[in-house]
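For reference, the chains in residue letters:
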Amino acid sequence: MATPENNMMKMAAGVVAAGMMAGRSYGAGSEVLKVALLGCGGRGNGAVRNCLEADPSVQVVAVADLFENKAKGTREGLMKDEKYKGRINIPEESVYWGFECYKKIAKVDCDLVIMATAPAFRGRQLMEAIKAGKNVFTEKPVATDVAGCLEVMEAAKLAKEKKLAIVCGTQRRHEPHRVELMKKIHDGVIGELVGGQCYWFGDGIWYRTPEKGMSELEWQVHNWYHWTWLSGDQICEQHIHNIDVMNWCFDGPPKNFLALGGRCCRDYSEQAKAACAFFNNGKTDGWEKYNGNIWDHITAEFEYANGARVLSFSGHGPGTGRGDEKIVGTKGTSNCQDTCVDYKGAQIYKYEDKAQRIDPMVLEHRDLIASIRKGEPLNEGQRIAESTLTAIGARISAYTGQSFSWNALLKMKQNLVPTDDQLKAGPGIFPPIAKGVDKLF
Amino acid sequence: MVKKLELTRRDLLKTSAMVAGALTMTSAAGFAFGEVQGSDTIRVGVIGCGGRGSGAATDCVASSKGVEIVALADAFQDRVNGLKGKYKVPDNRCFVGLDAYKQLLALSDVNLVILATPPGFRPIHFAAAVEAGKNVFTEKPVAVCPAGIKMFKEAAEKAQAKKLAVVAGTQRRHEPRYIETMKRIHDGAIGEIVSAQCYWNQGGLWNADRSDKMTDIEWQLRNWLYFTWLSGDHIVEQHVHNLDVINWAMGSLPDVVQALGGRQFRTDPKYGHIFDHFGTEFIYPNDVRTISMCRQIEGASDRVSERVVGTKGVSDCCGTITGENPWTFDDKGTPVNPYVQEHADLIESIRKGEPLNEGVRVADSTQCAIMARESAYTMVQFKRSWFENKCTLNLLPAADLKMDTPKPVPPVAVPGKYELPGLPKRG
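Residue numbers (this note's numbering), protein chains in the order written: chain A, 1 to 441; chain B, 1 to 427.
Just chain A, same shape as in the assembly (with noise of 0.2 Å):
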């Protein structure tokens, strides 16, 4: 750790010897990087140990979540955390709540915002903090329908506007192995790309019961995975990981796309009668909606620009277990991590680690903040919002029951999530369990 570590904290006094124009304070030669975590749940509270993790100068200004109890809990949970000590600056007049947080947070002094909510809400909170000249950390997916996709898009281009960094949490794209192993694909070692499978298949996830004084939408964002509308469902939530992966190899998103598939076995019955319960009297009838509307398998083609077609296999279940990538040349095969065989079976490629590999989830953090400081923020909003669509692109295919190409997918009117002024405590939204023949927009 400590190698590469001083090798950045030179290279960035080097930089900022060299004097940076652009950025904001940090950029601007201060010491400390300020940094805002938007979303208290596990994800953020990881991402922003992550981040300090990952350069000594980060310290944590302001947090925010949905849930008062949640952001006074992160807040204090960093405080007494002694391997963080004099990092964690967070007034108590920093530390904000309710569904509208995100915009006190945008007006933060800070150099960086951590973004960790429920995904639905990321392309507006992305926007107002790129507005607000944030350098921003996302965690992954970056929406949950096409609009907010297109929002992002936008949001990325306002980014390099104004020089400001998007680094995503899909942390693949800054493992140093992954890296180097795609330069090889990309300059041809194992041929022409004409196939490839990429893989998320596993158990079920939580499902979080409703807390005292929740409101049904609030608890909704609380169990935010079971409702397409708040996670994109498993394929744009978890599977995104390695469909932008697949996105890496051939360098762009899809052409078209196919998909099928369902809910067979996803229940969370008892949980679901105890949340109906919760907020009906102690009733259960009609409880089932409070199961969630999301599927737990869909199989998906990705058929990309020359033609090659990728499959895609996603969902929890009580199956066998899969969660990984392979692509396929006219040359060879690759694992897509660090090893290129041919079709004898003969090694062509193989990474050689130089050092230690470091946790993929702090490096990102290390190549973001190394951008901020070099001048040369990274910008990885529209990849992301690109490998988001991808995963969105087959979740409708697979909802509707229609193939359609990418360029349709980008004209798609589809909204899912409510505005700012619907988002209030309240009833909850509810859409339907989709039947595989739903609407396109």
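Warning: the hint list may mix true and false statements.
Just the calculated beta-carbon pair ranges, DEER-fashion [said to hold, decoys possible]:
hint : chain 1 : residue 1 : chain 2 : residue 2 : range
1    : A       : Glu180    : B       : Asn337    : 54 to 60 Å
2    : B       : Asp99     : A       : Phe279    : 57 to 63 Å
3    : B       : Glu419    : A       : Arg357    : 39 to 45 Å
4    : B       : Pro408    : A       : Gly282    : 56 to 62 Å
5    : A       : Lys83     : B       : Glu419    : 48 to 54 Å
6    : A       : Thr339    : B       : Gly333    : 47 to 53 Å
7    : B       : Glu419    : A       : Pro431    : 43 to 49 Å
8    : A       : Asp81     : B       : Pro408    : 57 to 63 Å
9    : B       : Glu192    : A       : Gln356    : 37 to 43 Å
10   : A       : Lys344    : B       : Lys383    : 20 to 26 Å
11   : B       : Gln77     : A       : Phe279    : 29 to 35 Å
12   : A       : Thr320    : B       : Lys312    : 31 to 37 Å
13   : A       : Lys350    : B       : Lys312    : 24 to 30 Å
The calculated DSS-like cross-link candidates involving lysine-lysine, where the alpha carbons are at most 25 Å apart (straight line), are [as the list claims (entries may be wrong)]:
hint : chain 1 : residue 1 : chain 2 : residue 2
14   : A       : Lys184    : B       : Lys312
15   : B       : Lys86     : A       : Lys331
16   : A       : Lys157    : A       : Lys131
17   : B       : Lys402    : B       : Lys213
18   : A       : Lys183    : A       : Lys374
19   : B       : Lys417    : A       : Lys273
20   : B       : Lys102    : B       : Lys183
21   : B       : Lys383    : B       : Lys407
22   : A       : Lys103    : A       : Lys163
23   : B       : Lys65     : B       : Lys163
24   : A       : Lys160    : A       : Lys103
25   : A       : Lys435    : B       : Lys270
26   : A       : Lys255    : A       : Lys184
27   : B       : Lys102    : B       : Lys352
28   : A       : Lys80     : A       : Lys70
29   : A       : Lys70     : A       : Lys85
30   : B       : Lys417    : A       : Lys435
31   : A       : Lys157    : A       : Lys255
32   : B       : Lys352    : B       : Lys158
33   : B       : Lys417    : A       : Lys289
34   : A       : Lys162    : A       : Lys183
35   : B       : Lys158    : B       : Lys213
36   : B       : Lys383    : B       : Lys352
37   : B       : Lys352    : B       : Lys390
38   : A       : Lys331    : B       : Lys183
39   : A       : Lys255    : B       : Lys312
40   : A       : Lys163    : A       : Lys131
Because the hints were derived from the structure by calculation, they are not lab data. Note that the structure is predicted; figures quoted are calculated from it, not measured. Cβ atoms here follow ideal geometry from the backbone N, Cα and C, with glycine treated the same way.
Let chain A serve as the given structure and place chain B on it in line with the hints.
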């Protein structure tokens, strides 16, 4: 028994040779060897007189000279009636009921049977037909469970020993555009195959209402598509065509399968308990992975095709190769009807004394589809070797099955709850 049947076949050969010289003379005057009546006439018994059986009978008669439909069997009188008039089959050669196939197979003059009942019965009917020394045209699929596959394969081997012909209704194998494409693929036109896809995505299919007087069995038989014990589920019943093409192109069978599927749209109980979609990955030797998709959802987009990808090109398997060795099939203005051609090939092979035997091949492809179905029902990935040796699923109808035997509809398979015999429980 066996000896007599051998005679039957040889008689056919002899007469066939004679006729070959004199062109076809459909003579009713007997070359009465053994129990064979009539020259080299192909005397066909149809077992299963529904839509597919009727179609196969028409195609069989149209395929070659000297073919007669001489006996009919079906579970239902109305189905038999449908063909009886058309082919002027006398009453005493029309058999009705679940055992009707036995009566038909006992007719010694019948030298070819068309097996077109619901596939769940196929292994039993096929084994009985081979036992009775009949040449067989069998509709696909040929089984719905591992026990059925085993029974079918054993009978296919027995047919081989008895020199009986077995041709299956995977008609792509008899279609020139496929045959010519496959020759080129196997000659290396697209290089080494490294990927493949196949699809049978379509809308819904027919359904017969249940009347008050229908027993469980009658209702299920008349709606056989929707019950796994009868159809094998739609991946077996329909998609087997495409899976068979990929096996053909590969020249091998997949080692590993994993599938995801469900019943998302077609949920009305009148559609039994089968799924309406499957997405499957088959992994062939050398880690060549393929995509298979099949769907029966009304209103969803259609795609029925195959595609193989090699190191030197790509082919649709049916007339087009692109890449280093581009090629397009030319039917020279005379397209072949593959549904007729398969019968022509079958009958020619019988007459030539070089009986085709597609039994093991079609059983292998059927098994691929069954494996995928069971993988989707469980969400578990498994190896073919496991499936062949350890899976004890047996959906074969009981020997004493009667029209009034109670037969509750099995629940829709739910991964985690569905139990696949032979598969260790999770955890």
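Here is how each hint holds up against the structure:
no. : hint                              : in the structure
1   : Glu180/A <-> Asn337/B: 54 to 60 Å : holds, 56 Å
2   : Asp99/B <-> Phe279/A: 57 to 63 Å  : holds, 60 Å
3   : Glu419/B <-> Arg357/A: 39 to 45 Å : holds, 42 Å
4   : Pro408/B <-> Gly282/A: 56 to 62 Å : violated, 36 Å
5   : Lys83/A <-> Glu419/B: 48 to 54 Å  : holds, 49 Å
6   : Thr339/A <-> Gly333/B: 47 to 53 Å : holds, 52 Å
7   : Glu419/B <-> Pro431/A: 43 to 49 Å : violated, 34 Å
8   : Asp81/A <-> Pro408/B: 57 to 63 Å  : holds, 60 Å
9   : Glu192/B <-> Gln356/A: 37 to 43 Å : holds, 38 Å
10  : Lys344/A <-> Lys383/B: 20 to 26 Å : holds, 24 Å
11  : Gln77/B <-> Phe279/A: 29 to 35 Å  : violated, 59 Å
12  : Thr320/A <-> Lys312/B: 31 to 37 Å : holds, 33 Å
13  : Lys350/A <-> Lys312/B: 24 to 30 Å : holds, 26 Å
14  : Lys184/A <-> Lys312/B             : holds, 21 Å
15  : Lys86/B <-> Lys331/A              : violated, 58 Å
16  : Lys157/A <-> Lys131/A             : holds, 11 Å
17  : Lys402/B <-> Lys213/B             : holds, 15 Å
18  : Lys183/A <-> Lys374/A             : holds, 23 Å
19  : Lys417/B <-> Lys273/A             : holds, 21 Å
20  : Lys102/B <-> Lys183/B             : violated, 40 Å
21  : Lys383/B <-> Lys407/B             : violated, 32 Å
22  : Lys103/A <-> Lys163/A             : holds, 21 Å
23  : Lys65/B <-> Lys163/B              : holds, 22 Å
24  : Lys160/A <-> Lys103/A             : holds, 21 Å
25  : Lys435/A <-> Lys270/B             : holds, 17 Å
26  : Lys255/A <-> Lys184/A             : holds, 24 Å
27  : Lys102/B <-> Lys352/B             : violated, 28 Å
28  : Lys80/A <-> Lys70/A               : holds, 15 Å
29  : Lys70/A <-> Lys85/A               : holds, 21 Å
30  : Lys417/B <-> Lys435/A             : holds, 22 Å
31  : Lys157/A <-> Lys255/A             : holds, 22 Å
32  : Lys352/B <-> Lys158/B             : holds, 20 Å
33  : Lys417/B <-> Lys289/A             : holds, 22 Å
34  : Lys162/A <-> Lys183/A             : violated, 29 Å
35  : Lys158/B <-> Lys213/B             : violated, 41 Å
36  : Lys383/B <-> Lys352/B             : violated, 40 Å
37  : Lys352/B <-> Lys390/B             : violated, 40 Å
38  : Lys331/A <-> Lys183/B             : holds, 23 Å
39  : Lys255/A <-> Lys312/B             : holds, 22 Å
40  : Lys163/A <-> Lys131/A             : holds, 11 Å
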